[in-house]
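2 protein chains.
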Amino acid sequence: MSMTDGRNRVVIDGVTPRVDSGEFPIKRVVGDTVDVEAVAYGDGHDVVACALLYRREADAEWAEVRMEPLVNDGWKAAFVVEEIGRYRYTVAGSVDRFATWAHDLAKRVGAELDLSVDLLIGAELVEAAAARASGSDAARLAAVAALLRTGGGEAARAALAPELAGLMARYAERPFVTMAPELSVVVDRERARFGAWYEMFPRSAATEPGRHGTFRDVEDRLADVAAMGFEVLYLPPIHPIGRAFRKGRNNTPAAGPDDPGSPWAIGGAEGGHKAVHPELGTLEDFRHLLARAADYDIEIALDIAFQCSPDHPYVREHPEWFRLRPDGTIQYAENPPKKYQDIYPFDFETGHWRELWDELKSVVDFWIEQGVRIFRMDNPHTKPFAFWEWLIGEVKKDHPEVLFLAEAFTRPNVLYRLAKVGFTQSYNYFPWRNSKEELTEFLTELTRGPVREFFGANLWPNTPDILPEYLQYGGRPAFVTRLVLAATLGPSYGIYGPAYEQCLNVALGPGREEYLDSEKFEIRPWDPDRGSSLAGLVGRLNRIRRENAALRTNQNLRFHSVDNDRLIAYSKSTEDRASQVLVVVNLDPNHGNAGFVELPLDELRIDPRQPYQVHDLLADRRYLWYGPRNYVELRPEVGQAHVFAIRRRVRTEADFDYYL
Amino acid sequence: MSMTDGRNRVVIDGVTPRVDSGEFPIKRVVGDTVDVEAVAYGDGHDVVACALLYRREADAEWAEVRMEPLVNDGWKAAFVVEEIGRYRYTVAGSVDRFATWAHDLAKRVGAELDLSVDLLIGAELVEAAAARASGSDAARLAAVAALLRTGGGEAARAALAPELAGLMARYAERPFVTMAPELSVVVDRERARFGAWYEMFPRSAATEPGRHGTFRDVEDRLADVAAMGFEVLYLPPIHPIGRAFRKGRNNTPAAGPDDPGSPWAIGGAEGGHKAVHPELGTLEDFRHLLARAADYDIEIALDIAFQCSPDHPYVREHPEWFRLRPDGTIQYAENPPKKYQDIYPFDFETGHWRELWDELKSVVDFWIEQGVRIFRMDNPHTKPFAFWEWLIGEVKKDHPEVLFLAEAFTRPNVLYRLAKVGFTQSYNYFPWRNSKEELTEFLTELTRGPVREFFGANLWPNTPDILPEYLQYGGRPAFVTRLVLAATLGPSYGIYGPAYEQCLNVALGPGREEYLDSEKFEIRPWDPDRGSSLAGLVGRLNRIRRENAALRTNQNLRFHSVDNDRLIAYSKSTEDRASQVLVVVNLDPNHGNAGFVELPLDELRIDPRQPYQVHDLLADRRYLWYGPRNYVELRPEVGQAHVFAIRRRVRTEADFDYYL
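Respectively, the protein sequence lines represent chains A and B.
Per our numbering, the very first residue in the first sequence carries number 6; after that it's consecutive.
Per our numbering, the very first residue in the second sequence carries number 6; after that it's consecutive.
Honestly, the hints are just simulated from the structure, not real lab data.
Be a bit skeptical, because a hint or two may be false.
Heads up, the list lumps identical chains together, so a pair's fine if it works in one copy or across two of them.
List time: in silico DMTMM-like cross-link candidates among lysine to aspartate or glutamate, alpha-carbon distance up to 20 Å [unchecked claim]:
id	residue 1	residue 2
1	344	51
2	112	302
3	343	117
4	366	10
5	279	142
6	112	339
7	343	290
8	366	263
9	402	87
10	81	458
11	366	213
12	343	51
13	366	302
14	344	109
15	441	325
Use the sequences and the hints to build the structure in full.
Below, the structure is given as structure tokens:
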């Protein structure tokens, strides 16, 4: 404690929201309100005044909002983040001499004590404020001060008038202000929170079997992707693929001459992370694809995997970025007994780590220059956290609109740390959360616990690496169930297609989650006959997501009781309750299930004495419900889910009106 | 984040115990174990090693304890604080290259892979360790390294042998170590936690009515105080008392010529905070009292009230330390409409605050020089927190054995802040926590919540300022009940006597908690006829407290269910369960109550298949109890409480033995 703080009588602890001790920023999207609370108090009985201060990080000046007192020394205020980038906020507190004086004066008036000296004290405070004010305020304050100096009943009335309190709040001296440590909020565009993602392999974009797909073929698929209503089209790495130790079909060690290899074995004679795989087209073709996608309001997300094939130019030009083994070879990736000889990890413990970091940032910068604004970072949990904190921080300084998705399926602390150091979104355990209990616990942690301040979950029922057992054995109804859950539980969700909409469910073997004949190692042409697929359902769901604001956020996600463990029910609402969605899903892919859903009518602001309408947006059917308990029945052969818009009854036709 | 951290791959978050973000020290007493836990993890799959580091603040070198892994990236270790003063502790984490290598090698051995290159990598690690070791360890490591270089089965066995793991843990390179922010622990002597306090006014120490008591009279009372078993004798201020605006009996505005005034109106012609009230004796007399008390193993605690009577020398010598009013008078203490014209508060916002702080510290130093080691600071919540943090910190630098009790009855945040900034102990809401629910909630917060790390509660059923309603209307049984609760719920507790043992219960008026004819304003001679008082019970309780280690701490305080809300039951145990005490108290001063007490036998380590003995240490009666539910009946006319030692059955006479 510095000796210069000796007269600061107010202490502030516990400003929220914050992440941990405030060492990491909270996250919001543009237009969000940041509700700030603090605990602040002084010694003695003096009245304390607190202000919320906030500013864009680039600005020098704080904006100030007077905080309202809560119980138990609590204070609250709010500010709206109107631009992307970083904001800072903090709380300032001090003793309010005038309010203390006025508070005591009121008690003295009540006790009919002599006020003469007290009014003189007040006059001095008001005169000091008058000296800081100007114009009519200064004149008004000077007039009141003069009145106070006269003493007597009129002076006391003027002293306690709300008008004077307002003027003094504006101009009063605030000596010895205590400032809480500054906190940060990263403000992103809405896509950071809300978006439906579609993953596809561009080399599989051709419709004719046997032909390597190109960026042009991807352009031809954009209409399908747009018809399904996706906002983000995510492409695995598009760089040259190495030949050394290239993997064959189904991850076999020896590739045949026509095997295309894994797109994650990055780099060859044609170039590395800043080059395009020649069979996909040119960099110009890629930029053309970006532009065409934009016409469909689709944004391209690029996969960046910071690792090299043995043929990558870096291996030759910068052997110091890799770990050398005693036999002179470079250490390949392995997780014994599994070996990935086609992939060299970078050695982040190299003495040349600064140059390595700079080069890796230049890769991201390169693709930003081409127009990419969303990056899906491969396996970030195998690179140092400090690297990501630096990389994402530096990139967002110049490009706060850039978003990063962490492809990390790992332990909770690691997942959360990656989010804290800067990742906008993250993969997570959703693929393995299937029961009502699992889903409830998992989503409650994400949306109600402290992680909600920094962790953006992107829910994927499948990925090229993960075909969960639930999908393997549940048939089409399982795909419907998981799709509805992902699309309605996650403001951000994604599917790896066309495997998903075509309900591909054959794994590499028993107990495996790898797809048989995975696209990671071979080309699987786009199926032109998509009539029997889930594409129609996907499109409906994504349209419902866009049209119902409640599904764009996870604020106010609440799970509701159903007297059947195979049925899950939950609702979401916007803060103003203008949009309220209730979802009921059958978690059992094999059997129909029925039960009574129990709703907290007061929380949903439904009049318990009136019927209300639930409108199933999937089937476009409307039901009249009565009271908190209502019957629901879902059968795989008809539909696995209701996605209801709740329409509170406002008036009936009997009183000449409708549902709102 | 500094760029030099770039290769630190381990991150540490959440080291506990700590207060808030670690800005305040935790508190312990000598001999305590500090159980440290941390969450630490690295990127990737490498094995992490964590160490707990600790040192006395004065030492330069850390002692190091290897931490054991827990689930979910948790780690734990412990250290013992053996001396009073401050210790520092932190956690260091790094990637353990050798353990990572050995872990992978074991998997390779299991998969029968070729090990030749891996054994060479291991040989390099072991050779590097050998270079850091010396003597036989160095030789042994060199021998193993040579063996590893030979390759083959024997080399793999040696590589995975526990002996090598132990040597490598000692000598392996630990590059890129991450250190968590350092934390502090203040270590006090046991009196910081455990002690029975007795408050008395020295001027009332004479046994003849009408005579002003002296320090010599207090010496004559020491035998009584010792017989009651108190460890601390606390005296209200002993300084000269001002004459200006002196208060009369029952706080009346005008004192008569013989009224002694309030001891808290400090300072007169005879001196201020470093002087002794002449009628009590001399400074030498006071030192003599300290020595005599020490003979009885009684420590004197002194009241320090940082405020002045208008006659205090400071008022004349340092008017700049007080607030001047526009009429030229000095601002007296007031809480409108109440006025305390006999007391001037210091103005801590004075420009001369540094000189003021120094002078106030010199007061504490003065009394330390006389031999005082416990201070009860009056109304600390009306002085700046920063002042206390500085004062207590500075005093304890030279005198870590000094303890400070905060006389603060105020809002929880303020109470807790005073403890955080350094107060050893604090008054609290105990006087107003009377029902089972109130007591359970209050003590659970103090002993199980985060405040346990820094807040030392001292439980007082009464003080010269507080005669609670429960005591006013409950008669002698109420005094028994509250005494037993304070003495057994609080390792530290105190009573203001002789008002307490004599069950004085007459308040100044209805709805008031002030004593009628309070000793604050008049002399009440010591009652020589103490036969009918609670002194005997107090003595028994304090002996039980000393003899049963469970009552010296609040670790393992647990409340137990009783099917009658007028009965409260709780137990305390030492960590090793050698001492276990069960207390059952009748909270109803008017009626007998009975009920079944339900005990968690496994937690108390009682064999549910065997009877066990509960030995009432107050009545010296033994009961055999069976199973978890046992009947208890308490009646005001017999006794309001059981204080049971739980004696677990070890053997019976049938097998020729006894209870332990």
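Homo-oligomer pair classification [residue 302, residue 366; C-alpha up to 20 Å]: neither (27 Å within a copy, 70 Å between copies)
Could you place residue 343 and residue 290 in one of the four classes (within, between, both, neither) given a Cα distance threshold of 20 Å? The answer is neither: 37 Å in one copy and 84 Å across copies each exceed 20 Å.
Which holds for residue 344 with residue 51 at a C-alpha limit of 20 Å: within a copy, between copies, both or neither? Only across copies: residue 344 and residue 51 sit 16 Å apart there, 69 Å inside one copy, limit 20 Å.
With identical chains treated as interchangeable, where does the CA-CA distance between residue 81 and residue 458 reach 20 Å or less: within a copy, between copies, both, or neither? within (17 Å within a copy, 28 Å between copies)
From the Cα coordinates, with 20 Å as the cut-off, is the pair residue 112 and residue 339 best called within, between, both, or neither? This pair counts as between: shortest inter-copy Cα distance 11 Å, intra-copy 77 Å.
Alpha-carbon proximity context of residue 366 and residue 263, limit 20 Å: Neither. Shortest intra-copy (33 Å) and inter-copy (86 Å) distances fail the 20 Å Cα cut-off.
Homomeric proximity label, residue 279 with residue 142: Cα distance no greater than 20 Å: Answer is neither: 63 Å inside a copy and 51 Å across each miss the 20 Å cutoff.
Taking 20 Å as the upper bound on the Cα-Cα distance, should residue 344 and residue 109 be classified as within, between, both, or neither? between (78 Å within a copy, 12 Å between copies)
Status of residue 51 relative to residue 343 across identical chains (alpha carbons, at most 20 Å): For residue 343 and residue 51, the Cα distance is within 20 Å only across copies (15 Å; inside one copy 68 Å).
Please work out whether the CA atoms of residue 366 and residue 213 approach to 20 Å or closer within one copy, between two copies, in both situations, or in neither? Classified as neither; 38 Å inside a copy, 89 Å across copies.
Classify it for me, residue 343 with residue 117: is the Cα-Cα distance of at most 20 Å met within a copy, between copies, both or neither? between (88 Å within a copy, 12 Å between copies)
Go through the copies and call it for residue 402 and residue 87: within, between, both or neither, with a Cα cutoff of 20 Å. within (17 Å within a copy, 50 Å between copies)
The structure shown violates the earlier hints numbered 2, 5, 7, 8, 11, 13, 15.
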